[in-house]
Amino acid sequence: MLLIHCPYCDEDLPELEFTYAGEAHIDRPADPASLDDEAWRNYLFIRSNVKGPHYERWRHNHGCARFFNAVRDTVSDRFLTTYRVGEPRPDLESLIGKEGRE
Amino acid sequence: MTAFRVAESGRVRHDRPVEFQFDGRSYQGLEGDTLASALLANGVHLLGRSFKYHRPRGILTAGSEEPNALVGTRRGPGRYEPNTRATVQEIWDGLQAESQNRYPKLSFDLGAINDRLYMLFSAGFYYKTFMWPRSFWERVYEPLIRRAAGLGKAPQEPDPDHYAERHLHTDILVVGGGPAGLSAARSAAKSGARVVLVDESAEMGGHLLSEPGLVIDGQPAWDWLAGMLEELRELGVRVMSRTTAIGYYHQNFLALCERLSDHLKEAPADLPRERLWQVRAGQVVLAQGALEKPLVFDGNDRPGVMLAGAAQTYLHRYGVRAGDRHVVATSHDSAWHAAFDLSDAGSRVEAIVDTRANPSDALREAARDRGIRVLSGHTVTGTSGRLRVNAVRVNPVHDGSVGPAETLGCDSLLMSGGWTPSLHLFSHTKGTLRWDDESDAFLPDQQAEACHIAGAGRGLWGVEAVLQDGDLRGAEAAEAAGHKPESGAFQVENDRTGSGETHRELPSDRKPGRARAFVDYQNDVTAKDIRLAVREGMKSIEHVKRYTTNGMATDQGKLSNMNGLMIAADAVGKAPPQVGLTTFRPPYTPTTFGAFAGYHRGDHFEVVRKTPIDSWAEENGAVFEPVSQWRRAWYFPRQGEDMEAAVARECLATRKSLGIFDASTLGKIEIAGPDAVEFMNRMYTNPWTKLAPGRCRYGLLLGEDGFIRDDGVIGRLSDDLFHVTTTTGGAARVLTMMEDYLQTEWPDLNVWLTSTTEQWATIALNGPNARRVLEPFVEGQDLSPEAFVHMSVAECRVAGFPARLFRLSFTGELSFEINVPARYGRALWEKLYEAGQQYDVCPYGTETMHVLRAEKGFIIVGQDTDGTVTPDDAGMSWAVGKKKTDFVGMRSLSRPDLVAPGRKQLVGLLTEDGSVRLDEGAQVVADPNQSVPMAMIGHVSSSYHSATLGRSIALALLKDGRNLKGQEVYVPLPSGLHKARVTDTVFYDPEGERLKV
Ligand SMILES: [Zn+2]
Numbered sequence: 001m002l003l004i005h006c007p008y009c010d011e012d013l014p015e016l017e018f019t020y021a022g023e024a025h026i027d028r029p030a031d032p033a034s035l036d037d038e039a040w041r042n043y044l045f046i047r048s049n050v051k052g053p054h055y056e057r058w059r060h061n062h063g064c065a066r067f068f069n070a071v072r073d074t075v076s077d078r079f080l081t082t083y084r085v086g087e088p089r090p091d092l093e094s095l096i097g098k099e100g101r102e
Numbered sequence: 001m002t003a004f005r006v007a008e009s010g011r012v013r014h015d016r017p018v019e020f021q022f023d024g025r026s027y028q029g030l031e032g033d034t035l036a037s038a039l040l041a042n043g044v045h046l047l048g049r050s051f052k053y054h055r056p057r058g059i060l061t062a063g064s065e066e067p068n069a070l071v072g073t074r075r076g077p078g079r080y081e082p083n084t085r086a087t088v089q090e091i092w093d094g095l096q097a098e099s100q101n102r103y104p105k106l107s108f109d110l111g112a113i114n115d116r117l118y119m120l121f122s123a124g125f126y127y128k129t130f131m132w133p134r135s136f137w138e139r140v141y142e143p144l145i146r147r148a149a150g151l152g153k154a155p156q157e158p159d160p161d162h163y164a165e166r167h168l169h170t171d172i173l174v175v176g177g178g179p180a181g182l183s184a185a186r187s188a189a190k191s192g193a194r195v196v197l198v199d200e201s202a203e204m205g206g207h208l209l210s211e212p213g214l215v216i217d218g219q220p221a222w223d224w225l226a227g228m229l230e231e232l233r234e235l236g237v238r239v240m241s242r243t244t245a246i247g248y249y250h251q252n253f254l255a256l257c258e259r260l261s262d263h264l265k266e267a268p269a270d271l272p273r274e275r276l277w278q279v280r281a282g283q284v285v286l287a288q289g290a291l292e293k294p295l296v297f298d299g300n301d302r303p304g305v306m307l308a309g310a311a312q313t314y315l316h317r318y319g320v321r322a323g324d325r326h327v328v329a330t331s332h333d334s335a336w337h338a339a340f341d342l343s344d345a346g347s348r349v350e351a352i353v354d355t356r357a358n359p360s361d362a363l364r365e366a367a368r369d370r371g372i373r374v375l376s377g378h379t380v381t382g383t384s385g386r387l388r389v390n391a392v393r394v395n396p397v398h399d400g401s402v403g404p405a406e407t408l409g410c411d412s413l414l415m416s417g418g419w420t421p422s423l424h425l426f427s428h429t430k431g432t433l434r435w436d437d438e439s440d441a442f443l444p445d446q447q448a449e450a451c452h453i454a455g456a457g458r459g460l461w462g463v464e465a466v467l468q469d470g471d472l473r474g475a476e477a478a479e480a481a482g483h484k485p486e487s488g489a490f491q492v493e494n495d496r497t498g499s500g501e502t503h504r505e506l507p508s509d510r511k512p513g514r515a516r517a518f519v520d521y522q523n524d525v526t527a528k529d530i531r532l533a534v535r536e537g538m539k540s541i542e543h544v545k546r547y548t549t550n551g552m553a554t555d556q557g558k559l560s561n562m563n564g565l566m567i568a569a570d571a572v573g574k575a576p577p578q579v580g581l582t583t584f585r586p587p588y589t590p591t592t593f594g595a596f597a598g599y600h601r602g603d604h605f606e607v608v609r610k611t612p613i614d615s616w617a618e619e620n621g622a623v624f625e626p627v628s629q630w631r632r633a634w635y636f637p638r639q640g641e642d643m644e645a646a647v648a649r650e651c652l653a654t655r656k657s658l659g660i661f662d663a664s665t666l667g668k669i670e671i672a673g674p675d676a677v678e679f680m681n682r683m684y685t686n687p688w689t690k691l692a693p694g695r696c697r698y699g700l701l702l703g704e705d706g707f708i709r710d711d712g713v714i715g716r717l718s719d720d721l722f723h724v725t726t727t728t729g730g731a732a733r734v735l736t737m738m739e740d741y742l743q744t745e746w747p748d749l750n751v752w753l754t755s756t757t758e759q760w761a762t763i764a765l766n767g768p769n770a771r772r773v774l775e776p777f778v779e780g781q782d783l784s785p786e787a788f789v790h791m792s793v794a795e796c797r798v799a800g801f802p803a804r805l806f807r808l809s810f811t812g813e814l815s816f817e818i819n820v821p822a823r824y825g826r827a828l829w830e831k832l833y834e835a836g837q838q839y840d841v842c843p844y845g846t847e848t849m850h851v852l853r854a855e856k857g858f859i860i861v862g863q864d865t866d867g868t869v870t871p872d873d874a875g876m877s878w879a880v881g882k883k884k885t886d887f888v889g890m891r892s893l894s895r896p897d898l899v900a901p902g903r904k905q906l907v908g909l910l911t912e913d914g915s916v917r918l919d920e921g922a923q924v925v926a927d928p929n930q931s932v933p934m935a936m937i938g939h940v941s942s943s944y945h946s947a948t949l950g951r952s953i954a955l956a957l958l959k960d961g962r963n964l965k966g967q968e969v970y971v972p973l974p975s976g977l978h979k980a981r982v983t984d985t986v987f988y989d990p991e992g993e994r995l996k997v
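Respectively, the protein sequence lines represent chains F and X.
Everything in the first sequence is counted per the numbering used here, starting at 1 for the first residue and increasing by one.
Everything in the second sequence is counted per the numbering used here, starting at 1 for the first residue and increasing by one.
Mixed in with the good hints there might be a few duds.
Taking lysine-lysine pairs in the DSS-like style, the calculated list, with each CA pair at most 27 Å apart, reads [stated by the list, open to error]:
(1) X:539 / F:51
(2) X:996 / X:831
(3) X:856 / X:882
(4) F:51 / X:430
(5) X:153 / X:265
(6) X:656 / X:831
Some chain F residues well away from chain X (every beta-carbon gap over 12 Å; in silico) [what the hints assert, rightly or not]:
(7) 3
(8) 48
(9) 49
(10) 69
(11) 76
By construction, these hints were calculated from the structure, which means they are not laboratory data.
Quantities reported herein were computed from a predicted structural model and do not represent experimental measurements.
Yeah, the Cβ is synthetic: ideal placement off N, Cα and C, and Gly gets one too.
Given the sequences, and given the hints that come with them, work out the whole structure.
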């Protein structure tokens with residue numbers, strides 16, 4: 001079982017307290033009506049499905065109930081970092097450097 | 001004393017005999033014996049038949065890696081355990097064990113015909129069968145496989161044992177209680193770190209238990225061991241025997257399975273059988289030792305053929321000689337020592353056959369001293385003996401050519417193909433391995449977790465080196481865990497260091513096609529199978545594994561992986577590291593389902609949520625059904641009523657006069673704040689701005705994809721407060737969805753969301769007399785039709801309790817839903833029930849609720865919708881705010897596929913014969929005379945017998961359904977083909993007159 005760092009509680013807590021909530025940094029368009037069908041389809045269904053570091057959302061639902069963002073390596077299943085909603089996408093190179101991996 | 005027991009020898013209690021049974025026959029063993037050692041002491045070597053070929057099999061090892069000696073053990077009803085490794089099972093008075101995979105008996109087995117049909121079962125046979133004619137598969141092959149395959153029989157009764165689980169946090173976890181693990185635990189504990197030491201065996205000591213002749217720091221090995229364990233106890237180390245580390249997961253999370261009662265004659269009733277430990281360790285020391293490899297030659301599976309190290313363990317730990325006349329075949333020095341020890345214990349060693357041309361002079365001399373014949377530079381080319389080995393065929397090898405054979409008589413063939421460092425747990429962590437040319441083995445390389453590998457697991461050999469290494473790794477772990485370690489030093493006398501060579505299958509002078517040289521004993525995979533797989537195009541070791549099933553049995557190839565790799569590498573023409581190893585996965589050894597299930601069985605399998613009125617329902621004879629995690633009253637049968645009769649009565653009583661229903665499980669969410677109405681407008685399809693406080697509205701919630709996710713009646717209590725209801729099953733999902741939007745898309749909205757599902761008890765009164773019963777209880781709200789119109793909500797008092805009162809209807813009747821704080825739920829229910837007696841009030845359950853709503857064509861989300869139904873598909877475009885510019889899912893409603901003609905739409909179905917009730921889920925076709933497979937135009941989503949209408953009714957999702965109204969469709973069911981007419985979804989009171997009471 002993974003330990004996940006909740007950026008709001010600022011603690012490493014067991015995976016059981018959390019749920020995955022899909023890819024991160026996909027904003028709901030401000031004016032959906034202005035999007036053509038293809039753009040709307042892309043918003044709904046098209047995801048990056050990366051092999052490697054993946055920006056994704058989690059929710060600490062059996063804790064503070066907050067949604068937050070994370071970078072997790074989908075190959076090693078390791079969290080590189082977690083951060084609060086609204087914070088910018090962390091720089092991948094500095095993260096991987098920090099972990100000393102790959 | 002039994003024939004093969006060595007007096008005064010071993011760690012067994014010679015003064016404590018134990019009676020047990022194997023295949024119905026009684027035997028005597030000693031306390032401390034395993035089933036395997038006790039049977040060997042009685043001269044029993046034949047323990048089972050193999051998986052595929054039903055070949056006679058014996059005991060190969062002395063540990064948990066055993067692939068052959070699998071038996072069923074029984075300790076009363078429900079306590080039958082198949083595939084117990086006889087080498088691990090400790091005996092107790094009355095233990096009953098039986099052999100497996102044999103019919104009618106172990107010594108004469110009809111399934112052994114498979115051995116003659118060898119060609120049928122060669123590599124890839126599962127795959128090849130699919131290309132054979134179907135008739136052959138059905139009549140010949142499948143019955144044959146079904147009879148042949150399967151390892152043991154699953155017990156039929158529920159497991160009467162119970163299983164426990166615990167969590168454990170520690171600075172350092174040491175896996176393996178052999179010399180490396182012991183010294184690691186000690187040096188780590190001396191630093192002050194919290195240390196846990198686990199070993200799968202009944203007692204600590206590992207290899208030391210098999211080598212009492214060692215002298216460590218001036219003490220005989222077993223005295224030293226006792227002192228060491230005492231010291232660990234004083235240092236506060238938690239020492240856990242019979243505890244297997246079964247899996248090693250991320251962030252130093254390990255699972256341990258502790259076996260508590262299988263070794264006891266009588267287990268206390270409150271003792272769990274096993275306990276699963278979930279451990280989070282700061283640092284891990286893996287000291288799992290090494291596993292001995294078999295040599296691969298024709299007939300290496302005959303009972304009586306055993307690993308030399310295992311024979312050494314049986315001799316020293318259990319005081320049992322594996323036979324009277326041994327031949328030892330080896331490519332490693334270690335087997336020589338086993339031969340010497342057996343010879344010293346009174347066995348006759350006919351010969352040591354070494355594949356190497358030049359074993360060391362010291363070994364030759366020690367053999368000569370004992371009168372043991374040495375055949376160096378030899379190969380083994382066969383064995384004989386029907387149920388037990390009685391001879392070994394050996395040949396000299398010169399410059400790669402095999403010379404003339406010689407036959408050596410024996411009753412025991414001991415073999416050693418060298419040792420494989422045991423890195424299974426390390427492999428679970430995705431730690432990488434590197435090939436070491438010197439030891440011809442894979443050793444740990446890059447590690448992915450905070451772990452340290454000690455001793456034979458990283459290729460070290462000799463007890464002194466291993467003790468020293470364990471001490472260092474323990475210190476290293478302690479330091480990494482933030483402690484200041486001290487290291488010790490060890491002196492070992494009589495240490496038997498040694499080396500060896502690694503082989504593929506041994507050379508032979510016989511036709512290789514006829515050889516049964518087993519690589520994987522448990523799955524009956526031979527060297528020939530692996531070469532065939534490579535010839536048939538399997539170049540990757542992963543393909544070879546799956547094609548041959550090598551290493552895929554329950555022992556996960558502990559003995560076979562390296563031999564398989566050496567043969568595959570040779571066949572492919574590559575070096576072993578270029579071919580690589582397959583991945584080991586948890587669990588390390590087969591683990592019971594009970595251990596994984598732990599407490600989560602029976603009543604503890606899942607939470608049962610009960611409403612405040614549940615106890616009343618139970619007292620009044622309700623039959624319950626589970627709805628998500630809730631237990632809901634399904635119907636209230638009276639004496640002699642079945643479900644159909646009870647539901648018909650409940651429906652009629654409600655429509656005629658008055659029904660009372662516990663609706664407390666409805667999800668409830670309070671939406672509060674200055675932006676509450678804006679939030680509602682964005683979430684739900686309906687417009688909310690103009691909904692006045694005191695009124696309520698049916699709300700429809702979509703996913704962003706435009707499909708219906710949930711629904712419910714929503715009351716506006718004030719400008720900034722909404723009381724939202726959701727479906728019973730959707731409550732948590734809807735709140736999560738709302739939170740998601742609020743937290744991440746619209747954090748600017750000033751809104752609070754609170755789940756209030758369990759805060760309110762909800763009682764629904766339905767029927768023409770609902771107002772008459774309720775009215776006298778209500779204070780603070782005029783219930784007259786004019787003052788409290790349909791779709792109203794009010795905060796008031798009911799029977800003195802604070803209440804939120806809704807007038808709405810899910811049945812089509814005049815109806816009120818009264819919410820009171822949960823603690824008053826039952827009291828209010830009883831008052832209303834009592835007052836309702838004058839109107840023959842009828843408590844009804846979920847089934848009646850379903851029927852009544854279906855008569856009105858009200859959908860149940862998740863039953864009449866399936867995640868692909870839009871509001872328009874469900875005939876509910878009226879619920880979508882036409883003037884709204886945005887809400888969740890709105891943009892999707894104009895996607896091309898969602899407006900295309902031919903979508904499935906919700907309609908009613910009336911069968912031609914009203915007594916026929918269609919099956920929910922049944923497929924609907926337009927033309928019953930078309931050929932199979934027919935074109936299906938939809939399915940039945942709801943179907944009931946309506947007592948009100950005196951016939952069956954159904955809802956269905958049909959392609960272009962609304963255009964089919966009035967037409968006939970067909971529903972093929974097992975009972976026959978049924979004709980039905982497509983209708984409107986509202987079967988009862990389409991004008992809504994009954995609400996106007
Ligand atoms: Zn949190």
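Now the hints, each set against the structure:
| no. | hint | verdict |
| --- | --- | --- |
| 1 | X:539 / F:51 | holds (26 Å) |
| 2 | X:996 / X:831 | holds (26 Å) |
| 3 | X:856 / X:882 | holds (25 Å) |
| 4 | F:51 / X:430 | holds (17 Å) |
| 5 | X:153 / X:265 | holds (23 Å) |
| 6 | X:656 / X:831 | holds (21 Å) |
| 7 | 3 | violated (5 Å) |
| 8 | 48 | holds (18 Å) |
| 9 | 49 | holds (18 Å) |
| 10 | 69 | violated (9 Å) |
| 11 | 76 | violated (7 Å) |
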